[in-house]
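*Asks:* So the chains spell out like this:
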Amino acid sequence: MINSEIQDVTLETAEAGVGETPVAVSAIVEARGLSKRFGATRALVDGSLSVAPGEVVALLGENGSGKSTLVKLLSGVLSPDEGQILVGGTVVRLRSPRAALAAGIVTVFQEILAARDRSVLDNLWLGHGSPVLSRPAVADRRRLATEAWRRLSAQDVDLDRPLGELTLMEQQICVVVRALLRDPKLLVLDESTSTLDVELRDRLFDEVRRRAADGMGCLFISHRMDEVMAIADRFVALRTGQVVGIRRRGEVDARELIRLISGRDVEAGARRTGTGRRGAPAVRLDDVTLRPGTRPFTATVSRGEIVGLAGLEGHGQDELIRCLAGLHTPHSGRVYVAGPKGRADDDPAAVTNYRSGVARGVVYVPRDRKVEGMADVLPIIDNYSMPTLKRDRFAGVLRPRRTKSRFQRDARTVNLTPGRQDSIGRLSGGNQQKVIIARWLAAEPRVILLNDPTRGVDLKTKHELYDVFRGLADAGAAVVMLSSEVDELVHLMDRVLVFHDGSLSAELAADDVTPESLVSAYFGSPAVVAGGH
Amino acid sequence: MPDLAYAAAIVRRSPLTVVVALVVVLLGVNLGLSPTMLSGHQLPNTVNLLVPSVLVAMASVPAVMSGRGGIDLSVGPLLGFVNVVLVGVLVPHSLGSVWVSLPLLLAIGAAIGLVNGIAIAYGRLQPVVVTLGSYLVLSGLALVVMPQPVGVVPHWVTYLSGAWLGGYLPRSLLLVVGALVLWRFLHHRGAVGTILATGSDDRAAFTSGVRVSRVLCLAYASGGVFAALAGIGLSVLIGSGDPTVGRQYTLAAVAAVALGGNALIGGRGTMVGPMLGASSLFLIQTMLSSLKVSSLWIQVVYGAVLLFAVCGNAMLATRLSARPKAGLA
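Protein chains in written order, with this note's numbering: chain Z, 29 to 561; chain B, -12 to 316.
If you're looking for bench data, these hints aren't it; they were derived computationally from the structure.
This structure is a prediction, so every number in the text was calculated from the model and none was measured.
One or more of the hints may lead you astray.
Claimed, not checked - Pulled from the structure, derived: some chain Z residues nowhere near chain B, Cβ distances all over 10 Å:
id, residue
1, A143
2, R163
3, D168
4, R206
5, P324
6, D404
7, M414
8, S545
What the hints assert, rightly or not - Derived CB-CB ranges, DEER-like:
id, chain 1, residue 1, chain 2, residue 2, range
9, B, N32, Z, R383, 28 to 38 Å
10, B, L101, Z, S162, 13 to 23 Å
11, B, G290, Z, A387, 35 to 45 Å
12, Z, E175, B, L36, 49 to 59 Å
13, B, V288, Z, F422, 45 to 55 Å
To be verified - Derived coverage of chain Z by chain B (criterion: at least 3 residues anywhere in the stretch with Cβ under 8 Å from a Cβ of chain B; other residues may be distant):
id, region
14, 145 to 153
15, 225 to 236
Beta carbons are placed, not taken as given, at the ideal position from N, Cα and C, and that holds for glycine.
Just chain Z, same shape as in the assembly (with noise of 0.2 Å):
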């Protein structure tokens, strides 16, 4: 029945809603009929796509149905087998991003490429003019850097400072930046927004609306539908490679675009369903102060529970749940985990430091996987396998047989599907994920602390990953979880706590957690609500 109603709106419905656009509008790029294969898998199946002056397109679609391979064809870093790519109205072949950049479509992409070492003025005029045949203009540079950063961040940036000496969320204002300075035709934000704090986001979506005001277009990519719904005006919706929907702003609203996006019905947000059982407390904070200056709090999570910790980005939660694991020291205070069966309160064991945790049954999934996370370049299963691998000896000999039983097992529990010998740097962002929690449920957690661990996951495995959280916490584990996410954080929490300047600003019961009051929560103080989300 679903699929029915999908097949109406196919290319050819799509295509009368594209004409009835005054024809004197030309696209500012358009895509006909592109299609990409690597080697057996069609990644892309004659993809169309038309962006007019002014318009925000959202490009919708899970992980692994064509987005990234269509941006990679419009910004010029892979060349279609077949198809067109038209800007302007006039065909053009985009052999190098150079060509695309010279073309006006400027792509951030959904990776922060930027060159750590370098200045952050370096990094944002990357790529302008010929080194030897031209002369950088320092001066002019530096203005239009400084100009362009804080329209968009209102604030200003140190352009001297090495990038990589700064947060993740600045390294991706600076790619952002550096972009706008192209003055695009076509801005293309795939995944853009996931390491920015809401605030941040709002005001890049003022930025996006005040140029397309001026005529400049943009493909938005996002796998978070609130956004979605606010800056989009048409939607595109992909699945397995190809073009599956269509549709205007005011025409669908967030459930229809998810039916179109998974071919399923899907609730929008995560349900929750927890059994509201409490074990004994797992985690203690006793007067924890995480900077000089700000207020000591205290607080416990127990088994059998899933605690979100949220705020805007850099207000405390991240050192938060790295003081958890032990991997940062709170500036006063102490951190306890309970022992094997004992509670938080009678076995109190500071962690002090990683492996102190790591003894106790904590495990931490960080949240840059690709840095802090994982081997690139090795096979799932040795992925999988590094932390717990001593379990398969026998006789001081590795047994290969049991790790592969083992991850037989629990690459079930997370319903990982790529085969166990695939190297884990060619899989989507989610099955990465997976295969990091398949790799800690291997060693039998009793706290998990989860750093944003759906960042740039589609929503189909997003929902799979809730139920594994809730399954772990319901086995028993006490889960922390820090999240970026409204949705995330009302329809999957038992408790949020909420940081503002570092320091505990809120806590909130699952019936309590409502976007409004986490929006005014973050800001510090529940008069100041911005709604609208």
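Go by the hints and put chain B onto chain Z.
*Replies:* Frame of chain Z, contents of chain B only:
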């Protein structure tokens, strides 16, 4: 330990601190041992000995900066090859005049560097393998052109071995000045920044519109030009042609780059650092010979100093990066 933290802060601001300190200390020791080293009488000899080492260290810098395992092992043999071509080919064919031979030699250096660069950038070959190949080819070619050390250098090269101002301004420094002017020019035109950005993250550079392959070619070609200048410096020093002496410069050049605080993985580094690194290696050598230590020990001391300096740099740098980086959870 506040003192170490302070030292660390200095190193952070200037990665050259360790090598500058090394040069100052070694210079002091050398002057204590032979106070006449910097006199007008001895200075030209000292500088002439130093110039090829400094230039060949400069020659390895751009390749290392360009990242992707960038290294140019062929700089040593290239310097020897340039010396042999000058003495064994150009002079006998009456092409020794400065207006002919100098541009020709620089062009040879650039061309050989460019060939390395093309193989690495477009052929996607490993820099170590490519430049080891050209290391062997150039070493062999030098021996084919000139089987034994023979010949005389042209007049302008002899002229460079002298000095102005009663010996206090050795003319061989002109070669270093020339190299620095070229580097300064590349810096000014944004080329050095682009090489470093490519070395730091070549995918970021590529997707930002940098023509990465051309940048790599530029890096290796400019290294070739510096190596050619080093070859002229060698001719100034030995005053004849020698097909075997070039090779030993390669490893000293790599050591100088490491001593100078440049990251061997690319993306970070200076030109002055490796120049000072080469100078400190040179000063160790003169110190040991004034102390009448057997020359067999020189390599041992080189290695020890290198490890010491690199460890010192790394330890101070780690202390700094130990402070939490927000966001990198």
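*Asks:* Hey, is Z:S545 genuinely clear of chain B, shortest beta carbon separation above 10 Å?
*Replies:* 25 Å, holds
*Asks:* Within 28 to 38 Å: is that where the Cβ-Cβ distance between B:N32 and Z:R383 falls?
*Replies:* 59 Å, violated
*Asks:* Does the no-contact call for Z:R206 survive, Cβ to all of chain B over 10 Å?
*Replies:* 7 Å, violated
*Asks:* Just to make sure I understand the rule, a stretch counts as covered if three or more of its residues have a C-beta closer than 8 Å to a C-beta of the chain. Does the region 225 to 236 of chain Z meet that for chain B?
*Replies:* violated (count 0)
*Asks:* Has the hinted range 35 to 45 Å been met by the Cβ atoms of B:G290 and Z:A387?
*Replies:* 41 Å, holds
*Asks:* At the C-beta level, are B:V288 and Z:F422 separated by a distance inside 45 to 55 Å?
*Replies:* Since the Cβ atoms of B:V288 and Z:F422 sit about 51 Å apart, the hinted range of 45 to 55 Å holds.
*Asks:* May I ask you to check that Z:D404 keeps its beta-carbon over 10 Å from the closest beta-carbon of chain B?
*Replies:* Nearest chain B Cβ is 13 Å from Z:D404, so the label holds.
*Asks:* With 10 Å as the threshold, tell me whether Z:R163 passes as away from chain B on beta-carbon distances.
*Replies:* Check fails; 6 Å does not lie beyond 10 Å.
*Asks:* With respect to the beta-carbon atoms only, verify the hint that Z:E175 and B:L36 lie 49 to 59 Å apart.
*Replies:* 53 Å, holds
*Asks:* Grab the minimum beta-carbon distance between Z:D168 and chain B and tell me whether it stays above 10 Å.
*Replies:* At about 13 Å from chain B, Z:D168 clears the 10 Å cut-off, so the statement holds.
*Asks:* Take a quick look at Z:P324 and tell me if its Cβ sits farther than 10 Å from every Cβ on chain B, holds or violated.
*Replies:* At about 19 Å from chain B, Z:P324 clears the 10 Å cut-off, so the statement holds.
*Asks:* Take a quick look at Z:M414 and tell me if its Cβ sits farther than 10 Å from every Cβ on chain B, holds or violated.
*Replies:* 19 Å, holds
Checked against the numbered hints above, the structure violates hints 1, 2, 4, 9 and 15; every other hint is satisfied.
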